[in-house]
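Number of protein chains: 2
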Amino acid sequence: MFVIGERINGMFDDVKKGIENRDASIVQQVAREQIECGADALDINVGTAKGKAMENMLWLIETVQEVTDLPLCIDTTKYDVMSEALKACKTPAIINSSKSTEDELDKYVPLAVSNGASLIALTIDKSGVPSNADSRVAMGATIVTKAMEHGLDITDLYIDPVILPVNVAPKQPVAVMETLRQLRLLSDPPPKFILGLSNVSQSCKLRSLINSTYLVMAISAGLDGAIMDPTDRELMEAGITAELLMEKQIYCDDYIAAYLGNR
Amino acid sequence: MFVIGERINGMFDDVKKGIENRDASIVQQVAREQIECGADALDINVGTAKGKAMENMLWLIETVQEVTDLPLCIDTTKYDVMSEALKACKTPAIINSSKSTEDELDKYVPLAVSNGASLIALTIDKSGVPSNADSRVAMGATIVTKAMEHGLDITDLYIDPVILPVNVAPKQPVAVMETLRQLRLLSDPPPKFILGLSNVSQSCKLRSLINSTYLVMAISAGLDGAIMDPTDRELMEAGITAELLMEKQIYCDDYIAAYLGNR
Numbered sequence: 008m009f010v011i012g013e014r015i016n017g018m019f020d021d022v023k024k025g026i027e028n029r030d031a032s033i034v035q036q037v038a039r040e041q042i043e044c045g046a047d048a049l050d051i052n053v054g055t056a057k058g059k060a061m062e063n064m065l066w067l068i069e070t071v072q073e074v075t076d077l078p079l080c081i082d083t084t085k086y087d088v089m090s091e092a093l094k095a096c097k098t099p100a101i102i103n104s105s106k107s108t109e110d111e112l113d114k115y116v117p118l119a120v121s122n123g124a125s126l127i128a129l130t131i132d133k134s135g136v137p138s139n140a141d142s143r144v145a146m147g148a149t150i151v152t153k154a155m156e157h158g159l160d161i162t163d164l165y166i167d168p169v170i171l172p173v174n175v176a177p178k179q180p181v182a183v184m185e186t187l188r189q190l191r192l193l194s195d196p197p198p199k200f201i202l203g204l205s206n207v208s209q210s211c212k213l214r215s216l217i218n219s220t221y222l223v224m225a226i227s228a229g230l231d232g233a234i235m236d237p238t239d240r241e242l243m244e245a246g247i248t249a250e251l252l253m254e255k256q257i258y259c260d261d262y263i264a265a266y267l268g269n270r
Numbered sequence: 008m009f010v011i012g013e014r015i016n017g018m019f020d021d022v023k024k025g026i027e028n029r030d031a032s033i034v035q036q037v038a039r040e041q042i043e044c045g046a047d048a049l050d051i052n053v054g055t056a057k058g059k060a061m062e063n064m065l066w067l068i069e070t071v072q073e074v075t076d077l078p079l080c081i082d083t084t085k086y087d088v089m090s091e092a093l094k095a096c097k098t099p100a101i102i103n104s105s106k107s108t109e110d111e112l113d114k115y116v117p118l119a120v121s122n123g124a125s126l127i128a129l130t131i132d133k134s135g136v137p138s139n140a141d142s143r144v145a146m147g148a149t150i151v152t153k154a155m156e157h158g159l160d161i162t163d164l165y166i167d168p169v170i171l172p173v174n175v176a177p178k179q180p181v182a183v184m185e186t187l188r189q190l191r192l193l194s195d196p197p198p199k200f201i202l203g204l205s206n207v208s209q210s211c212k213l214r215s216l217i218n219s220t221y222l223v224m225a226i227s228a229g230l231d232g233a234i235m236d237p238t239d240r241e242l243m244e245a246g247i248t249a250e251l252l253m254e255k256q257i258y259c260d261d262y263i264a265a266y267l268g269n270r
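These protein sequences, in sequence, are chains A and B.
As numbered in this note's numbering, the first sequence has no gaps in its residue numbers, which increase by one up to the final residue, 270.
As numbered in this note's numbering, the second sequence has no gaps in its residue numbers, which increase by one up to the final residue, 270.
Just to be clear, a hint being listed does not mean it is correct.
Identical copies go unnamed one by one, so any copy, or any two together, can satisfy a pair.
No more than 30 Å apart at the CA atoms, straight line, and that leaves these computed lysine-lysine pairs for DSS-like [said to hold, decoys possible]:
| id | residue 1 | residue 2 |
| --- | --- | --- |
| 1 | K178 | K23 |
| 2 | K85 | K255 |
| 3 | K199 | K255 |
| 4 | K255 | K24 |
| 5 | K178 | K255 |
| 6 | K255 | K57 |
| 7 | K133 | K24 |
| 8 | K24 | K178 |
| 9 | K114 | K24 |
| 10 | K178 | K199 |
| 11 | K178 | K94 |
| 12 | K97 | K178 |
| 13 | K59 | K255 |
Just so you know, these hints were derived from the structure itself, not from any lab.
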């Protein structure tokens with residue numbers, strides 16, 4: 008399971024305050040916690056913090072890189088911020104994200120290639136998030152085609168089939184799983200599949216339970232990882248156990264400790 | 008989710024003692040606990056309790072029926088015990104179980120029909136549990152054919168594709184899910200699909216975690232219910248949430264309470 012820690016995001020009050028006050032200790036603490044809990048990469052998003060997005064992003068990257076050399080997942084919709092952020096990353100980064108329109112892919116795939124970065128591409132086009140699996144699969148095909156056209160190694164490509172909150176879009180959890188099953192067959196080797204997991208439980212009451220339940224189901228449909236909260240212990244245990252049952256991990260009595268220790 | 012409570016089984020020490028001492032209070036307490044936690048039916052198995060299987064079974068049925076009119080799931084390999092037990096059940100019972108050999112199905116399907124009972128048929132033949140999905144699917148087809156031949160309503164048929172412990176049979180969790188996906192397409196309406204869930208974690212350390220994770224995955228592959236422990240709250244919550252994400256339940260903030268209350 009490839010875990011991109013979601014917590015370094017200015018949408019969270021503590022991180023927002025850390026950014027606005029240039030308080031490195033807050034941000035670095037959140038980074039350390041996620042790493043200790045098993046994050047493989049860290050999402051970096053300035054969110055709604057006051058100040059210029061470019062300056063905030065470059066400060067965040069510098070601050071986080073003082074405590075880790077894990078890959079950073081640069082999360083911004085601004086192309087210029089993305090472009091500068093990638094140059095500031097010491098470890099090959101992950102671009103988060105491109106939509107699956109041809110014009111965006113024609114910008115972001117070459118950006119990934121020239122920076123040695125990976126790319127997360129969302130099954131979203133000008134009309135937004137599709138309501139069914141078929142449209143998501145068609146967008147996935149466009150993404151893979153564009154990756155090949157511009158020379159991005161398929162193993163550096165992540166497709167995110169975009170999960171929506173279950174309380175307002177109840178058919179989407181099934182549609183996303185169907186998308187995963189179909190898109191895995193698109194190329195050999197397939198790209199990797201991830202989700203912005205927490206979105207499934209947006210504005211729901213039992214968020215951790217819904218997140219972990221959907222993580223398990225999505226892994227059984229072919230999900231490789233997620234942007235999620237690694238400090239949620241039950242969520243991590245559910246994901247690790249799902250991979251065990253999919254035979255992606257070998258059973259031993261202490262398989263969770265073994266998984267977390269062998270990173 | 009159709010939950011058959013697994014706890015009234017002489018393999019558990021408390022129930023074994025209850026049977027051997029003809030102590031109704033122990034058995035009735037276990038029955039009540041499972042019902043309060045959401046069981047839809049109760050498995051009844053004399054296990055390894057001393058004494059004659061027939062007498063133990065009839066006492067168990069009588070004792071449990073003093074506190075509930077839920078369907079009982081009569082769990083014995085002895086045909087004569089099954090036959091007498093069905094007569095003692097006041098509510099239409101569930102036969103647990105027939106193998107999928109033609110000679111067993113030719114005995115148990117008519118027994119179900121003549122008693123107005125439901126039937127659980129296992130994908131097990133003379134060679135045991137198959138190692139792959141294809142053989143399970145072939146056995147499922149035999150089961151459905153025999154049910155139709157003898158006039159058992161397909162909605163009274165439960166197929167159990169038999170999960171084995173993940174620590175000794177690591178490929179089986181995936182094989183069983185593949186079986187569920189294929190067998191659901193076999194007839195319209197399809198039979199119901201259940202599992203003896205706890206078997207997946209036999210001799211494992213984190214049993215509840217493995218059980219609930221596999222329940223979620225199997226529900227996403229088409230499982231309708233399980234013989235399981237309804238007093239395991241996390242297991243029940245995982246199953247209810249899986250059904251929510253499969254759009255079998257409607258979301259409301261208190262969907263778990265709503266599910267458990269609307270039974």
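How the hints compare with the structure:
Taking the shortest Cα distances, K178 and K23 never come within 30 Å of each other, neither inside one copy (33 Å) nor across copies (46 Å). Proximity of K85 and K255 under a CA criterion of 30 Å is satisfied in neither setting, with 36 Å inside one chain copy and 40 Å between copies. In this homomeric assembly, K199 and K255 come within 30 Å of each other (Cα to Cα) both inside a single copy, at 14 Å, and across copies, at 29 Å. Taking CA atoms no more than 30 Å apart as the test, K255 paired with K24 passes in neither setting, with 39 Å inside one copy and 42 Å between copies.
Taking CA atoms no more than 30 Å apart as the test, K178 paired with K255 passes in both settings, with 28 Å inside one copy and 10 Å between copies. When the C-alpha separation of K255 and K57 is checked against a cutoff of 30 Å, the pair qualifies neither within a copy, at 43 Å, nor between copies, at 43 Å. In this homomeric assembly, K133 and K24 never come within 30 Å of each other (Cα to Cα): the closest approach is 33 Å inside a single copy and 67 Å across copies. In the homo-oligomer, the alpha carbons of K24 and K178 never lie at most 30 Å apart, since the shortest distance is 37 Å inside one protomer and 48 Å across protomers.
Proximity of K114 and K24 under a CA criterion of 30 Å is satisfied in neither setting, with 33 Å inside one chain copy and 72 Å between copies. In this assembly of identical chains, K178 and K199 lie within 30 Å of each other by CA distance both inside one copy and across copies; the values are 23 Å within and 22 Å between. Within a single copy, K178 and K94 get their C-alpha atoms no closer than 40 Å, and across copies no closer than 44 Å, so neither meets the 30 Å cut-off. Within a single copy, K97 and K178 get their C-alpha atoms no closer than 41 Å, and across copies no closer than 40 Å, so neither meets the 30 Å cut-off.
In the homo-oligomer, the alpha carbons of K59 and K255 never lie at most 30 Å apart, since the shortest distance is 43 Å inside one protomer and 46 Å across protomers.
Violated hints for the displayed structure, listed by number in ascending order: 1, 2, 4, 6, 7, 8, 9, 11, 12 and 13.
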